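Q: Take a look at the letters that make up each chain.
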Amino acid sequence: MENTKLTAKDFSSGLPVKWCPGCGDFAILNVIQKTMANMGLPREKFAVISGIGCSSRFPYYVSTYGFHTLHGRACAVASGVKLSNPELSVWVITGDGDGLSIGGNHTMHAIRRNMDLKIILFNNRIYGLTKGQASPTTLPGSKTKTTPLGAIDYPFNPARFAVGLDCTFVARCIDSDIAGSTAVMERAAKHVGTAFVEIYQKCVPFTDKEFEWLKDPATKEDMILRVEHGKPLVFGKDKNKGIAIKNMKAEIVTFSGAVPAEVAVYDETNDEMAHLISGLKHPEFPTPIGVFRAVRKPAYEELYYDQIKHVGDTKEHELEAVLTGPDAWEMK
Amino acid sequence: MENTKLTAKDFSSGLPVKWCPGCGDFAILNVIQKTMANMGLPREKFAVISGIGCSSRFPYYVSTYGFHTLHGRACAVASGVKLSNPELSVWVITGDGDGLSIGGNHTMHAIRRNMDLKIILFNNRIYGLTKGQASPTTLPGSKTKTTPLGAIDYPFNPARFAVGLDCTFVARCIDSDIAGSTAVMERAAKHVGTAFVEIYQKCVPFTDKEFEWLKDPATKEDMILRVEHGKPLVFGKDKNKGIAIKNMKAEIVTFSGAVPAEVAVYDETNDEMAHLISGLKHPEFPTPIGVFRAVRKPAYEELYYDQIKHVGDTKEHELEAVLTGPDAWEMK
Amino acid sequence: MTKAKNKSVNISKNKSFTVRFAGDSGDGIQLVGTRFANATAVAGNELSTLPDYPAEIRAPAGTLAGVSGFQISFGDETVKTPGNKPGVLVVMNPAALAVNLKNVDKGSIIIANSDAFSQAGLEKAGYKTNPLEDGTLSNYRVIAVPASEMTEAALADSGLTKPQVMKCKNFYMLGILFWMYGLETEDTKGWIKTKFKKVPAVAEANLKALDSGYAYAEATEIFDARFETIKSAVTPGKYRNLTGNEAAAYALLTAAKLLKKKLFYGSYPITPASEILQTLAKHRATDVVVFQAEDEIAAMAATVGAAFGGNFSATGTSGPGLSLKLESMGLGVIAELPMVIVDVQRGGPSTGLPTKTEQSDLLQSIYGRHGESPLVVLAAASPADCFYTTLAASRIAVKYMTPVIVLTNSYLANGSEPFRIPKLSELHKFEMAKLPPPDQFKPYARDPKTMARPWAWPGLKGYEHRIGGLEKAEETGAISYDPVNHEKLTAARSEKMRLVAESIAPTKICGKDQGELLVLGWGSTYGAISTAMTEAEAEGLDVSSVHLRHVWPLPPDLGKVMKRFRKVLIPEENLGQLRMLIRSEYLFEPIGLNKVQGQPLNSDEVLAKIKEVLGGK
Amino acid sequence: MTKAKNKSVNISKNKSFTVRFAGDSGDGIQLVGTRFANATAVAGNELSTLPDYPAEIRAPAGTLAGVSGFQISFGDETVKTPGNKPGVLVVMNPAALAVNLKNVDKGSIIIANSDAFSQAGLEKAGYKTNPLEDGTLSNYRVIAVPASEMTEAALADSGLTKPQVMKCKNFYMLGILFWMYGLETEDTKGWIKTKFKKVPAVAEANLKALDSGYAYAEATEIFDARFETIKSAVTPGKYRNLTGNEAAAYALLTAAKLLKKKLFYGSYPITPASEILQTLAKHRATDVVVFQAEDEIAAMAATVGAAFGGNFSATGTSGPGLSLKLESMGLGVIAELPMVIVDVQRGGPSTGLPTKTEQSDLLQSIYGRHGESPLVVLAAASPADCFYTTLAASRIAVKYMTPVIVLTNSYLANGSEPFRIPKLSELHKFEMAKLPPPDQFKPYARDPKTMARPWAWPGLKGYEHRIGGLEKAEETGAISYDPVNHEKLTAARSEKMRLVAESIAPTKICGKDQGELLVLGWGSTYGAISTAMTEAEAEGLDVSSVHLRHVWPLPPDLGKVMKRFRKVLIPEENLGQLRMLIRSEYLFEPIGLNKVQGQPLNSDEVLAKIKEVLGGK
Ligand SMILES: Cc1ncc(C[n+]2csc(CCOP(=O)(O)OP(=O)(O)O)c2C)c(N)n1
Ligand SMILES: Cc1ncc(C[n+]2csc(CCOP(=O)(O)OP(=O)(O)O)c2C)c(N)n1
Ligand code: SF4
Ligand code: SF4
Ligand SMILES: [Mg+2]
Ligand SMILES: [Mg+2]
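Quick note, the sequences are listed as chains Y, U, V and D, same order. For my numbering, add 17 to where a residue sits in the first sequence, where the first one is 1. For my numbering, add 17 to where a residue sits in the second sequence, where the first one is 1. For my numbering, add 1490 to where a residue sits in the third sequence, where the first one is 1. For my numbering, add 1490 to where a residue sits in the fourth sequence, where the first one is 1.
Don't read these hints as lab results, they were simulated from the structure. Please read these numbers as outputs of a predicted model, since none were measured by experiment. It is possible that part of the hints are untrue.
Just so you have them, the derived chain D footprint on chain U, three or more residues with Cβ under 8 Å [what the hints assert, rightly or not]:
(1) 310-324
(2) 331-341
Here are the computed lysine-lysine pairs in the BS3-like style, where the Cα-Cα straight-line distance is at most 25 Å [what the hints assert, rightly or not]:
(3) K51(Y) / K232(Y)
(4) K349(Y) / K1503(D)
(5) K314(Y) / K266(U)
(6) K332(U) / K1889(V)
Backbone N, C-alpha and C fix where the C-beta goes; we use that ideal spot for every residue, glycine too.
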């Protein structure tokens, strides 16, 4: 696997990229191409599997193996790819509709099995490709083509959803925050087991303003909580606010000077902390981003091949023995 | 709705019940029939909707309206029943395979919407009807027809799954614990919004011993943690053990005499506590049963009808106005 | 009608005209197309329209991928399709010209916004030199209008920003077209005022652009032609333009009202069926429940649940969704509950061509479920017919207690035509079996005339009962593994289909009722076939036609009708799916005309085939 | 062969015998049935078996719902089915008698465990008086054996508990049957020893029960009859008994080995297909990946993924699962990846009759996907043929790069027959298109002989490419919305089917190759038709038969073959699905024999129909 070092450009398929000008997907594409280049794997060792949606056009733009499958089925197809060909680095590209609405069952079972997939969920809180219907992450009250009076469904919080399923790696990042999403992606790439990454993604025609408050330089530092393992949960332009946990509930504490002890120190291996933190919501709380959970547990395909490594490959005579079974007889 | 009081027997359809002798389903049937009788609703106001599985035979034995639908689709069919006919008390009867494997997506979206359904999941950790294949709750290492060397899948913990999805009512009970399951069922019946009840259920031919340790009078009090709102988390034959929560982790503390302050007092409205408690697992911890989470949030159908109550029913002339639209013209 | 007064122009009278608007997706093409359509309708024309969206949501501005089109044909009653090739092509930019030119016959008129033919614009469209000037269009009548510049000039004092001003140039072009066809601007002006009520400056600007375009055409020498249609005598009444998707949605609302039941519509978005869901979402009420499910399986299952719950219940989707719905639809079949499934067909297989049209889900609709699982399939012939076909499907569903599939496709779904708005009192009531008293109620006791079982829903006292997907015993509906019972129930479900067939009205033949050639069509090819038939008749060809709404079961007299013709031609947008059914049912080989291009068959193709068949006799 | 020595008995020689074991599901019926089958096989018989499980997992002991059955027919080469009616019925309790008596002709032998005919036992079976004594069975030859008592006596010193002892009475009965048919007990004894290795006392007890039964039959006067079959001359070699589900599973293992690829099998449990999954689960290896997915959609999607990943990949299911798999299967069609889908048909529609047999998914297999989405459908004729048909399907899938459906059903899946075990070296190699060098690789460049595109999987350097479910451009496989390209690709996918058809071996006619009547069968009716044919031939009737493995596309010479017969009869376990295809393809009306009872057609029914058709000529 010692190739000449590849660059992000080597991971571009050269095809014209057909997203709306200004779409958040462009930035994510760049970050992932760069991440792949840094993995030290040759292109043929990658498979990028997507469902259907704007985001799911992704594989066409990456110069690896790619499969643009069916709406909602990316995780299921990818599970087949990974199990059949376990040396591959398999990336699932999906949307909030693709991965959480029609594809919810496959997403959750991939996570349950800890299948070694990098599931990258582009959350623009809308059905982009079909032109603007509500998705399971659309916020209550939002007016979309299917919710003319405002959505009434309670939304999923994708990262918390994954944490709730005990996903071994869960992170959230923002399309425009290149440094943040690069850091998250690099760690996801190295994780063995299911890595679930939610990306807040701008959709120009339909949810243009959805994440603006997390991007506006004037306000963003007060709006974002950058979660880092081993570091206290501090935020704010002046780094003067922190999250304390009391009676299993989060509270904002404001301080000046040194970080007080009541401010929780983040532990990405603690399930309950991940659950609590991933649940913090605007406007009561800042919006957490970063790696929420990262633990190592054998991946499904590791367990699979481990359980049968003593069997090895089926030899011809072994197959013949199977065909024969314990009860055969000779006829002359 | 002032009928002569109905009894459990009034809720029996009289059909011969066709489960294996000793199946845990019998006890659950009795408890639910009794619960229904106590609800003060006439029989015609109930709809019992099931998928496919041994457990899903349930509706045939109840004298209300019933629909034995398709494998995995009970929550989806039931959502249609409830939305179309919102005064009904709609009960979903499902299994660990039916509700969490093939039906996972519908279960999770019903919970997300907080659709007013009582989802009763019979968890026997096996596919009973199809004679013994692994289910998503089958424990690792279990030998089943599809896992001859022992299951490798990580299992779902159904109650924790529901808590992770912010289900507004989540409980767990045990088939043979009539008092416990009656108490849970009575509360589920009254809950508005999704009530998710996991029942540990004995399957005679396939998972006979699965829950024995929770039933053996000699050991069960040390194995079970009865969770009650507002009460300290105490367990053990001698009521001398408790659960303390430190650094967002549970710990067992042993004491004598009064319950020490470090033993947590259960709060069924606290998401994080529900998440932590529902995650406690044998053998490190006792197995929690009871109501894990109960909060009131408008149910989907409440939100739906509320949002359009100002519209009311469509009058004929309103429909004619819709047909006409803003752009009609007269031709002579 | 506003008449041209200040210059002499040639007035061409014609039975019909076809106009195509094309431009960048940001140019407001669909909007002006729709307004133009409305104006022709108000002037008393028959018409048929078809939008043609780009596949990408927002392809880069000015590129070929970003071209949006809207075609309309209008005139007398022979207008049944949006027309084959436009006589007038309006292009807002070079890309629009590049994409559409191949579909315009020499000699036609091209009206172009010449301001958009800048170096940059030409390059994006792949032109090296300017086609308006380099002789490319020498065989066409080109009218170059500096629409951007003129609009800017007209709106100099509007107080709007430049981009806002530029958004008005479509109305400038529309003004020109209004003048050319002698159409009234009144209605559109009213529409602009309502639409931009909240931003009066924009309303004002659009009104001014419209008037300026109109005035420009009237004043300028370059417009030497005006057109007038020969109107048809139409049934008097109130009319509106309606797309096929709107028509299907309104039919469901109407069906529920006629049945005096709550409507339940459960669906999952999918192109090109989403507008049915979106239209109904606008009309939610306490008796109109619209449910966006998590996927198509849930949508179908909830639809079955709502039918069990006692609502008039329906779902809609397109091919991939239909595939997913089949299992739950089968539950509807064995549960014998009424429901309507609208399938807006698109190009397949798999994800295929999501925005393109096709007729390739016919066999799936009939045979797609496992086991012997029969249901009724109807197909709509035109956008407005989506209303009547869906209404007919609803009646059958309730009368016979069965799921019914309605096939439309993206051509019908997005196309529009005038629709005479019915009064509810004109529409006859629904037939539905009466419930016997509770003590005589048996869930699977059938009405022998329809084989319908009684429909009793939760809430009704005394009718409590249990049903499910396992085979059921005659009468009681209890689970039955009995072999002979299974055969009986299988026969009963199939007998129901026979009874539906018996109820179909006698087949209507267009043209002579015997002869050399019968053109047998179904669904969306109606317009193309009708137009071809009119032309064939004019040429004195010996050809008649029949158009099927009932594609399964087939009308019982169809065999006899076909026998009276020496040949039968079946035009279809698939590889021959109806043809296969006809072969199997009537044991002869019809001639096929099959087009699988994601594009509708057009009347020229049908006419050419008619001639080929007749020529070769 | 053990010969009866100590008493004089009548030995009836016959070409074949049919025996049915029946008892409570707790009685070990399937076990003794299987042992009996094995012994007949070892003795050189052809045979065919069919288990008949109760629908409930564990219905209450002794009830009608709890009756389990196992039928076997054995003898010479004319044995092709488990037989219509048993000549010997063995019943372990009254319920077993009540359930099975209607299927036994007068004059047949009934061997009953008379100890089970207690008051309680009779009541559970709905008998008021004891049928062994009240004259009910006066027209039968009843042999009442106090099997419980005798077993108890034999095992008095075994040290086992009473329930343990009672579990041995099936072997007691088996001993009697071994004696009656002169079968060796050796193999079964060996089997008992292995099976109960860990509990020697139980092994010992079962051996003793078997011997005691044998001795009892030999000693007692009541057994006056022994039977001997006339053996057929069979191909020499090693044989085993194989059910259809095992055969399908083994074929997939074999196919992967021949192809030198890893096998991927992704499935979701469903009756009656679960045993394929369970059988393969036993043989997992680093090159045999067996994946129990969360549902059928995931199973199919993962199967497509594994084919993309470069494995030889397959899935299996039954009707409801097939409905769910259709959309993902369509992705396999447009992606043109090789895969095999085994559909073990059961009674439909919907959940239907999950444990019963049918042939009603044929049209769904062909037409069930949206759009024009063709694939190949094969059908297996017998349990052992499930091996060869699945292997043939695998070859086609890889050679033509296409999904192939294999239709079996619960009758074949659970039934068994002897299977000559092939050496891998006997089986010819797989054909598969060669990959060109990377620089010449185009994902959709086709081999003109097969229309197969090249199969390049992730991991192969230089072949990186992207595919998907949208319509693809010729050669490159890039997304293409081009109309003419869509028509070309649609044609290419259908041309592939034509090429598969061309490769089908000439149709084999059983009997004369022209005449009055041709019986055309497919799939699981093979046994019944063959048996009927043998009898018809014996009676000198003018009838031949053809049995189809290739149900779609159909063999190209089939039309010509059928033309040589005045009439064609199609027996099917559905409402006429192959008949519909034949009508549509060949434009004539075959005669149908249709049974939709969840039960296999039997040879008597086929023979009667043959006679009816020939009589009525
Ligand atoms: C079976 C099926 N149902 C529906 C669709 C239509 N469809 C395509 S993409 C999409 C939703 C896309 O939303 P999301 O996954 O959030 O992706 P985005 O476009 O927002 O990136 C839908 C409903 C389909 N292609 N297939
Ligand atoms: C679409 C479909 N797939 C598979 C099946 C087969 N099936 C019926 S029940 C069942 C699993 C039952 O397990 P569970 O839901 O846990 O219920 P239990 O029998 O254990 O109560 C399966 C796989 C089916 N009926 N339909
Ligand atoms: S519609 Fe939204 S998600 Fe889709 S390409 Fe445009 S901006 Fe991106
Ligand atoms: S198999 Fe198990 S779950 Fe099913 S009826 Fe028997 S004991 Fe109950
Ligand atoms: Mg989205
Ligand atoms: Mg279960």
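Q: Is the Cα-Cα distance between K332(U) and K1889(V) 25 Å or less?
A: Holds, at roughly 24 Å.
Q: Do three or more residues from the stretch 310-324 of chain U put their C-beta atoms closer than 8 Å to C-beta atoms of chain D?
A: Answer violated; 0 residues pass the 8 Å Cβ test.
Q: Please count how many residues of the stretch 331-341 of chain U have a CB within 8 Å of a CB from chain D and say whether that reaches 3.
A: Result for this restraint: violated, n = 0.
Q: Between K314(Y) and K266(U), does the CA-CA distance stay at or below 25 Å?
A: holds (19 Å)
Q: For K51(Y) and K232(Y), compute the direct alpha-carbon distance and say whether it is at most 25 Å.
A: holds (22 Å)
Q: Is the hinted pair K349(Y) and K1503(D) satisfied, with a Cα-Cα distance of at most 25 Å?
A: holds (22 Å)
In terms of the numbered hints stated before, the structure departs from hints 1, 2, listed from lowest to highest.
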